[in-house]
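Undergrad: Respectively, the protein sequence lines represent chains B and V.
Position 30, counted from 1, in the first sequence is what the numbering used here calls 193; the numbers after and before it change by one each time, with no gaps.
Position 84, counted from 1, in the second sequence is what the numbering used here calls 156; the numbers after and before it change by one each time, with no gaps.
None of these hints come from the bench; they were simulated from the model.
The structure presented is a predicted model; accordingly, all values stated were derived computationally and were not measured.
A virtual CB, placed ideally from N, CA and C, is assigned to each residue, including glycine.
Heads up, a few of these hints could be off.
Using 27 Å as the maximum straight-line C-alpha spacing, the simulated DSSO-like pairs for lysine-lysine come out as follows [to be verified]: (1) V:K253 to V:K299; (2) V:K299 to B:K229; (3) B:K194 to V:K152; (4) B:K229 to V:K152.
Pair by pair, the computed Cβ-Cβ distance ranges are [stated by the list, open to error]: (5) B:G290 to V:T346: 47 to 53 Å; (6) B:A289 to V:P100: 52 to 58 Å; (7) V:V235 to B:T239: 34 to 40 Å.
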Amino acid sequence: MGRPFLPARFAGAGAPENQSMQYAVGQTYVKGAVVVYEGGATGNIIEGGADPAAIVGVALEACDSKPGFNMNFNPTVVATTGRVRETTIAKANRLTVFTGRIVNGGTDPVTPVQGDVGKTYSILKAGTGEWTLDAADGANQRVRVIDIDIDAKIAFFRFLEANLANP
Amino acid sequence: MLTQGAFNHLFRSGLRKDFRDNWTTYDPEFPGFLRQGTMDGPEIEAVAISGMSRLLERGDLEEITFEDPAISGKVVGVDKEFALGFALSRRTVEDDKYKKANQAAKWLANAGRMTSEVRSAALLDDAFAGATFKGIDGLALCSTVHTLFNSSATMANLPTTVVGFSVAGVNALIDLHALMKDWNGDPARSNPDTVVVSPKYISKALQIFGSQKEPFTAENQDNAIPKRLPGLKQQVSRFKANAESYFLLDSNLNDAWYLTRRPIEFDDSFDFKTDAALYKASTRFLIWFVDFHGWTGANPS
């Protein structure tokens, strides 16, 4: 599994703006997934589809990973008191800077270059579930790169304001 | 954030000293119906086991029949964290002539205690629906059809026909205690020693459990309830939302718990940039039940 999206810089705060949010039943997203609101005004979040337009944020943990889920001998669990169907989401906003890797077709990861700074990228869910910046898609831009780390092969980015679910 | 303007009455003289902010509280109620303990992990799990219930008839020279004991499914509990903060500006503290704006410890402590009470009473309010709290058979605390994992029999701790808090209603619960069964479906002793009622039934409870003669009747016959339940403890629940529900419980069998993961902690600091005084309180606890035995309840409309 490659490097997922992670919040990296928080504009002086001790932690990114975050919220524990309820996800729709049946979700399978992993840490670093881009999440959006479920349709139908349920208030639930779901993993974004292709080129999500209104981005809520990035999941800091996988679905069904909190205490009370995936117990030993799970089929024998009769009842669970107190567990919550929520994951903590680092909210996409104007301030939080995330990191992620760039892919370009079969090249994963792409080594970023200085010229990437300031560029906008599309985002793509890789086959293993983690989200990446997509250099192969010249349209559908969702993030703007603000910095790079060549050794670690990661880009620092913010989500575009036009694509924030809660701008 | 409490700033100067929000509590500006306190900055000028002329107010009387009594701010009507002191209350005599009741003793904690939840220890009256929840057992208390601690948990040392984010999850706690429980199962029940039961041995064999019968010897089998054996013919002459016949081999012994071997049978297994039974184990139930598993119940899992996960604690919740509760926390609250309070902040006020340094100027507000300095300008407060009455030293009333900053009672963070008192307020937060009270909020913590009320949280424990309300969350505990939620178990009583959910005792008939089982929306949040489910026991080892996957049903609510009180049900007419509790399943017993080593028997095809069922057991009721909720009367089929529910009546209001009365001699008949209490008798119905006592009779259910007398019919309590173990996991094999065999009779199990349960002696209720506590009744949980709403404040509106305090006097009625005293009449039902204290009168030598049966109250609310003209026949003046003996009241059997105090004879069957001598020394019953009357626990008032002021925090449950349902004013009509009532319960009898056997504290020896009671398996409803208030488990502390982290006792309530208070902390304070100040913000270097703004001089705001910051206070917070947080705690982690779990309220759950595993075994429904020992409880009976009624939920009249």
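Undergrad: Per the hint of 52 to 58 Å, is the separation of the Cβ atoms of A289 (chain B) and P100 (chain V) within bounds?
TA: Given range 52 to 58 Å: holds, Cβ gap about 53 Å.
Undergrad: Taking 34 to 40 Å as the hint, is the beta-carbon distance of V235 (chain V) and T239 (chain B) inside that range?
TA: Since V235 (chain V) and T239 (chain B) have Cβ atoms about 38 Å apart, the given range 34 to 40 Å holds.
Undergrad: If you draw a straight line from the CA of K194 (chain B) to the CA of K152 (chain V), is it 27 Å or shorter?
TA: Status holds; Cα separation ~22 Å.
Undergrad: Holds or violated: K229 (chain B) with K152 (chain V), Cα cutoff 27 Å?
TA: 12 Å, holds
Undergrad: Would the hint linking K253 (chain V) and K299 (chain V) be met if the CA-CA limit is 27 Å?
TA: 23 Å, holds
Undergrad: Assuming the hint says 47 to 53 Å, is it satisfied by the Cβ distance from G290 (chain B) to T346 (chain V) or not?
TA: At 48 Å between Cβs, range holds.
Undergrad: Holds or violated: K299 (chain V) and K229 (chain B), Cα atoms, limit 27 Å.
TA: 50 Å, violated
The earlier numbered hint that this structure contradicts is number 2, and it is the only one.
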